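Q: Each chain is listed here by its residues.
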Amino acid sequence: EDKVVQSPLSLVVHEGDTVTLNCSYEVTNFRSLLWYKQEKKAPTFLFMLTSSGIEKKSGRLSSILDKKELFSILNITATQTGDSAVYLCAVEANFGNEKLTFGTGTRLTIIP
Amino acid sequence: IAGITQAPTSQILAAGRRMTLRCTQDMRHNAMYWYRQDLGLGLRLIHYSNTAGTTGKGEVPDGYSVSRANTDDFPLTLASAVPSQTSVYFCASSDSTGSGYGYTFGSGTRLTVV
Numbered sequence: 001e002d003k004v005v006q007s008p009l010s011l012v013v014h015e016g017d018t019v020t021l022n023c024s025y026e027v028t029n030f031r032s033l034l035w036y037k038q039e040k041k042a043p044t045f046l047f048m049l050t051s052s053g054i055e056k057k058s059g060r061l062s063s064i065l066d067k068k069e070l071f072s073i074l075n076i077t078a079t080q081t082g083d084s085a086v087y088l089c090a091v092e093a094n095f096g097n098e099k100l101t102f103g104t105g106t107r108l109t110i111i112p
Numbered sequence: 001i002a003g004i005t006q007a008p009t010s011q012i013l014a015a016g017r018r019m020t021l022r023c024t025q026d027m028r029h030n031a032m033y034w035y036r037q038d039l040g041l042g043l044r045l046i047h048y049s050n051t052a053g054t055t056g057k058g059e060v061p062d063g064y065s066v067s068r069a070n071t072d073d074f075p076l077t078l079a080s081a082v083p084s085q086t087s088v089y090f091c092a093s094s095d096s097t098g099s100g101y102g103y104t105f106g107s108g109t110r111l112t113v114v
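Protein chains in written order, with our numbering: chain A, 1 to 112; chain B, 1 to 114.
This is chain B alone, in the form it adopts within the complex:
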């Protein structure tokens, strides 16, 4: 693993199903983030975690939950998927001693809810 790994790469999901998007980093970054990217709306923050054991809500948190049991992993769960959650999801991490300069993004998960 080098950097951030997201899984799956893409997924088609039936509405109402539960889904967890996985994110793992090997850089020992303290802070991790989940963004969704939609056409015309850019990247919007869903949830974040400044350090293991803590999480916070971003701009569009409804319908999503996260956990941060350790430094490396930051899964994003959709409890009951809806079509409006169709999007590309990016996980990111940063070295909290710096600023956005230290941001690293994963390659994204393309999720389609039907």
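Bound conformation, chain A alone:
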């Protein structure tokens, strides 16, 4: 059974700090790992990672995948209050459709 574990479950930091969120996984026939940000309602897409060692970057957010050790990290530098959200990690198996297995998420709170 596919499995995704995220840590920490919750994190509270001050504005301006840098945070690292972790995601480890077990999946048969790995295809991709995805990060989403969920504020009040629908998750919104951040990154898709398919290859080890290649950093994806978008502004203050970056992510990298290690397919040998089966984990990914999401870094947020110079955090802002708008970064407060639940961050979800999901993996996709290569079975010809896009069913995702999600972790339980990390709740990030940024204190002004």
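Hints were generated in silico from the structure; no laboratory data involved. The model shown is predicted, which means the values in this text are computed figures rather than measured ones. Do not take every clue at face value.
[What the hints assert, rightly or not] No more than 30 Å apart at the CA atoms, straight line, and that leaves these computed lysine-lysine pairs for DSS-like:
{"hint": "1", "chain 1": "B", "residue 1": "57", "chain 2": "A", "residue 2": "37"}
{"hint": "2", "chain 1": "A", "residue 1": "3", "chain 2": "B", "residue 2": "57"}
{"hint": "3", "chain 1": "B", "residue 1": "57", "chain 2": "A", "residue 2": "67"}
{"hint": "4", "chain 1": "A", "residue 1": "56", "chain 2": "A", "residue 2": "3"}
{"hint": "5", "chain 1": "B", "residue 1": "57", "chain 2": "A", "residue 2": "40"}
{"hint": "6", "chain 1": "B", "residue 1": "57", "chain 2": "A", "residue 2": "41"}
{"hint": "7", "chain 1": "A", "residue 1": "37", "chain 2": "A", "residue 2": "67"}
[Stated by the list, open to error] Just the calculated beta-carbon pair ranges, DEER-fashion:
{"hint": "8", "chain 1": "A", "residue 1": "26", "chain 2": "B", "residue 2": "63", "range": "22 to 32 Å"}
{"hint": "9", "chain 1": "B", "residue 1": "77", "chain 2": "A", "residue 2": "62", "range": "41 to 51 Å"}
{"hint": "10", "chain 1": "A", "residue 1": "14", "chain 2": "B", "residue 2": "107", "range": "28 to 38 Å"}
C-beta: ideal position from N, C-alpha, C; glycine also.
Position chain B relative to chain A; hints supplied.
A: For chain B alone, coordinates are given in the frame of chain A:
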């Protein structure tokens, strides 16, 4: 309509009642999904459909049914609601030519069964 529309936004339902959650997309995506999100458990797949006319069971299908009569609509039915079905339900769709990159989520339906 832009993206995925779910209805209702929220609902309080008496146990034992039948309820259909509606989901409509206008992106012509082939694949559609229903997830439930519960505190501490994350998003779990209930049912999915890879294309119109086909459906499949996800991780937690018991007590739910779906149909996919056309590309745009993917309703989720609770035949006889129970309190353990209290949850936030998300419908999603994806372009089956890609991967999870093409996932789009609806805004969710918050269902409370009492």
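Q: Does each hint fit the structure? Answer for all of them.
A: We went through each hint and held it up to the structure:
Restraint check: the Cα-Cα separation between residue 57 of chain B and residue 37 of chain A comes to about 26 Å, which is no more than 30 Å; the hinted pair holds. Taken as a hint, the residue 3 of chain A and residue 57 of chain B pair is honoured in the structure, with Cα atoms around 18 Å apart against an allowance of 30 Å. For the suggested pair residue 57 of chain B and residue 67 of chain A, the alpha carbons sit about 28 Å apart, so the restraint of at most 30 Å is met. Of the pairs offered as hints, the one joining residue 56 of chain A and residue 3 of chain A holds, with about 23 Å between alpha carbons and a cut-off of 30 Å not exceeded.
A threshold of 30 Å between alpha carbons decides the hint, and for residue 57 of chain B with residue 40 of chain A the separation of about 27 Å falls inside it, so the pair holds. Proximity of residue 57 of chain B to residue 41 of chain A is assessed by CA-CA distance (about 24 Å); at most 30 Å being required, the pair is judged to hold. About 22 Å separates the Cα atoms of residue 37 of chain A and residue 67 of chain A, which keeps this hinted pair within 30 Å; it holds. Distance hint for residue 26 of chain A and residue 63 of chain B: a CB-CB separation of about 27 Å, consistent with the stated range 22 to 32 Å.
Remark: the range hint 41 to 51 Å for residue 77 of chain B to residue 62 of chain A is upheld by a beta-carbon distance near 42 Å. Distance hint check for residue 14 of chain A and residue 107 of chain B: the Cβ-Cβ separation is about 31 Å, which falls inside the suggested range of 28 to 38 Å.
Checked against the numbered hints given earlier, this structure breaks none of them.
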